[in-house]
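*Asks:* Based on these hints, arrange chain B on the given structure of chain A.
The lines below spell out each chain.
2 protein chains.
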Amino acid sequence: MTQQAAIALGVELRVLAGAPDESAARVVGGVQIGDYRDLAALREFARGCDVVTFDHEHVPSEHVEALADEVAVRPGAAALVHAQDKAVMRERLSAIGAPCPAWARVASAGELEAFAREHGRPFVLKAARGGYDGRGVWVFSSADEAAEVLASGTPLIVEELVPYERELAVVVARSPHGQGVSYPVVETVQKDGICVEVIAPAQGLDPEHAAQAQHVALKIANELGVTGVLAVEMFQLPGGRVVVNELAMRPHNSGHWTIEGARTSQFEQHLRAVLDLPLGSPSPVAPVVVMANLLGGEDPDVYRRYEHVMAHDPGIKIHFYGKEVRPGRKIGHVTALGTDVDDVRARARHAAVHLMTGEYV
Amino acid sequence: MTQQAAIALGVELRVLAGAPDESAARVVGGVQIGDYRDLAALREFARGCDVVTFDHEHVPSEHVEALADEVAVRPGAAALVHAQDKAVMRERLSAIGAPCPAWARVASAGELEAFAREHGRPFVLKAARGGYDGRGVWVFSSADEAAEVLASGTPLIVEELVPYERELAVVVARSPHGQGVSYPVVETVQKDGICVEVIAPAQGLDPEHAAQAQHVALKIANELGVTGVLAVEMFQLPGGRVVVNELAMRPHNSGHWTIEGARTSQFEQHLRAVLDLPLGSPSPVAPVVVMANLLGGEDPDVYRRYEHVMAHDPGIKIHFYGKEVRPGRKIGHVTALGTDVDDVRARARHAAVHLMTGEYV
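Residue numbers (UniProt numbering), protein chains in the order written: chain A, 1 to 361; chain B, 1 to 361.
Chain A on its own, in the form it takes in the complex (with noise of 0.2 Å):
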C-alpha cells in the first residue's frame, strides 16, 4: 500500500523482503531479498536509500541503531524501541503523563501475586518484547495460572484488565522538523482479540475526549521523537476518558480507511514523514468510513468472489494484499463510505464476509 503512495510522489521504493512471494516483494520493482535479522543485509540495503523506514517493528534496535550511521533511519532506534519493549514503552508514557493502566516489571510469583492484591484479578501479562497480535499476551488470575510463562525467563509487564468500553485508536504522524498532524479518532471492533472493523470516526464520541485522544497520541509522538506514523491504540473507559494500550510506528491497521476515505493516506503520510515533506491533510472525505478486515477462510480463491460484491455494491473498494490464504490471516480489507452509519458497517460487512467464505448476508 506504501507502493501505491510511492508511485503518485514519483519516490522509488526499494524493498527487502524475506522471500519474492511476499506483498510487498510483489508490486515493487527493486527488490533484496534477505533477512532483516542480517546486519549484512540491512548494510547492503541501505546502500543507496536515501531513508530507510520499516512495515513492522522486529528489526533488532542495535541494528536500527548501526545503520543509522550510514543512512537517515525513520523512525529512529530511540523512538523504535517503545514499539518493541513494552516494558520501555510503559516506562516512557508514565514520565510523561501519558494515561496508562496500572503496570510493573514483573519477574516472580510474589511480584505478580503483590500486583493482583493491589490492581485486581484477572490481570494481563504481557511479554516485554514479540508481543503481535495476541500472541505474547495472556490473561491470569493468580501466579499459579503464569507460573509457566514466568518460568521461561521471558522479560514480562502485568497491567491491570482495564474495564473498557471500547477500543479506540488515533493514527497521527510526525516529521523530523516537528510537524504533527492526527486523524479522526476511530473504534475498532475486535473479535477474538482481532480487529474485524474500524469505525471511522469513532461515532458519538465526545468532542473533548476525543480531543483528548488525539492530544495524547501526538504528545507521545513528539516526546518519543517519532518519525512517521504512529498509530496508538487505546481502551475508552466508562466515562469516556481514554488510556494507552499498545503502540505501533508505522502504518497501521487502525488506518487502513484512510486510503479512500481521507484527503492524504496514512501510507502516504508515512512518506512524507519520513522523507521530511510537509505532511498532509487528515480529512476525511465522507463523514463515515467503514474497514472490515479480510481474514482468510477454507477457501483460497477470493478472487472468484469479487464478482457478487463488485456487482452488489459499486462503491465498495477491494484490498486484497496478495498474501497465501491461511484460515485467520489478515489477507485483505474494504472499505465502505457513507453518511449512514448502520448503512456503512452493513455494506463492508456483507463484502467481507461474501469474500472470506462465499456466503450471502
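These aren't lab readings, by the way, just hints derived from the structure by calculation.
Warning: the hint list may mix true and false statements.
Derived list of chain B stretches under chain A, where covered just means 3 residues or more per stretch with a C-beta under 8 Å from a C-beta of chain A [claimed, not checked]:
#1 21-32
#2 261-272
Away from chain A, derived, C-beta distances all over 10 Å, residues of chain B [to be verified]:
#3 Gln4
#4 Glu12
#5 Tyr36
#6 Val71
#7 Ile96
#8 Val149
#9 Gln190
#10 His209
#11 Phe235
#12 Leu237
#13 Gly239
#14 Glu298
#15 Glu359
Just so you know, these numbers come straight off a predicted model, no measurement behind them.
Just so it is clear, CB atoms sit at the ideal spot from N, CA and C, and this is done for glycine as well.
*Replies:* What follows is chain B alone, placed relative to chain A:
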C-alpha cells in the same frame, strides 16, 4: 497509475516496456524490455498473461489480431483500430449517427479545394494514422498550403474547423459482458494544443447536453465493441450540442481527476473492464475536482519544489510520473478538490505553476 489500482485488487501486472527507465517499468515487478512493434516480443510477453491491454494505441493492428489467437486482448483489434485510424473512426461514427464535424478522405489538391468550397476555410487536415497530441494535425486555408503534406503520400482526412465554444471529454468504460458506465462530462482546457487543465464536472453544462454527451460516448463504446476505458474528446458548439473530436481507448489524461475525485479511478475501472469484473461507481467525491497537468520546464528538479506546494496546500495531490523532465513534456499532474470552482482552479494552478517553474503565483 494502473499499478496503483492493480495493487489494491491484488492483480499482478506485467509490463512490456521499451526501456527499464520508462514510467511503468519503474513501478512494476514483472518487466520485459521489448518493442511493441515486434510480434515475437509481444507473443513472448503475452505468454502467462490472462489479459493483455494497452497504455497507448500504437501497437500495429495486425499484431493485436495475431495476439488474440493466444490470449484475451482488450480492447480487441476491431475496436482499437478506431483509435488508431481517424478515417476508419470517422466512417464508423458517421455510420452509427454519432455527431461529427463535416469530413472527407482526401488525397489530392482538387478534393481538398472541393471540401473547402463546401465547408469553409481554414480547414483541418489530419494524418489518418500516427497523429498524437497535435502532431499530424494541420490547419490550412488552401490546397497550396497543404501541398507538402499532400505530396507526402500519408493517408489524410480533412475536417471542417468547428467553431466550438469549449472542449469537453467523457470517459466511459465497457466490459466484455456489455456493462457500461460514464463518468461526469468534464471540460478540458487547452493551451497551444496541449491540455493544461481538466474541470470536473464541466461547469454550467445544461443537463440535457451533458446527457447527450454521455449517451454519445456510451453508444460509441457499445457500437465499436470497446472493452476497457474509452475517452471521447468533444467540441461543444454554440447552442450546447457536441461533436466528437478524438477517441482514446485507454485511461486518458482527461480522466486523471478520477484518481482522488471519483469513487472508482479510471485506472481501476479499466482493470475491472478488461478483467470482465463488474464496473465500479463513477460518482465524484467532491462537488468540484480540478486536474492540472505538469509540463516539463528548464529545471528538472521538480521534487525540490514539493516542499512549498505541500506546505502551502495540505490537500493538494501531486502525481509525478518518474519521466525524464524535458521542456513541454507531460511529467505529472496535480489534483485539487473542493466546492468553489474558482478556488479549486486557483489551488491547482498555484501548485502546477510552482512545480513547473518554481514561481510563486
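*Asks:* Could you run down the list of hints and mark each one as holding or not?
*Replies:* These are the hints, each one checked on the structure:
Using a Cβ-Cβ cut-off of 8 Å, 6 residues of the segment 21-32 of chain B lie near chain A, which meets the minimum of three, so the contact claim holds. Coverage of a stretch by a chain is defined here by at least three residues with a beta carbon nearer than 8 Å to that chain's beta carbons; for the segment 261-272 of chain B and chain A the count is 3, and the condition holds. Not every Cβ of chain A is farther than 10 Å from the Cβ of glutamine 4/B; the closest lies at roughly 4 Å, contradicting the non-interface assignment. Under the 10 Å C-beta cut-off, the non-interface status given to glutamate 12/B relative to chain A is violated; the minimum distance is some 7 Å.
No beta-carbon of chain A is positioned within 10 Å of the beta-carbon of tyrosine 36/B; the least distance is around 20 Å. For valine 71/B, the condition that its CB be more than 10 Å from all CB atoms of chain A holds, with the nearest at approximately 18 Å. The beta carbon of isoleucine 96/B is kept farther than 10 Å from every beta carbon of chain A, the shortest such distance being approximately 27 Å. Remark: the non-interface label on valine 149/B is consistent with the geometry, its nearest Cβ contact in chain A lying 38 Å away (cut-off 10 Å).
For glutamine 190/B, the shortest C-beta to C-beta distance to chain A comes to about 25 Å, beyond the 10 Å cut-off, and the non-interface label holds. With a cut of 10 Å on Cβ distances, histidine 209/B stays outside the contact zone with chain A, its closest approach being about 25 Å. Consistency note on phenylalanine 235/B: stated as away from chain A, and its beta-carbon is indeed over 10 Å from all of that chain's, at 31 Å minimum. In this structure leucine 237/B is separated from chain A by more than 10 Å, as the shortest Cβ-Cβ distance comes to about 33 Å.
Against chain A, the non-interface label of glycine 239/B holds: every CB pair exceeds 10 Å, the least being about 34 Å. Annotated as non-interface, glutamate 298/B keeps its C-beta farther than 10 Å from every C-beta of chain A; the closest such distance is 19 Å. No beta-carbon of chain A comes within 10 Å of the beta-carbon of glutamate 359/B; the shortest separation is about 19 Å.
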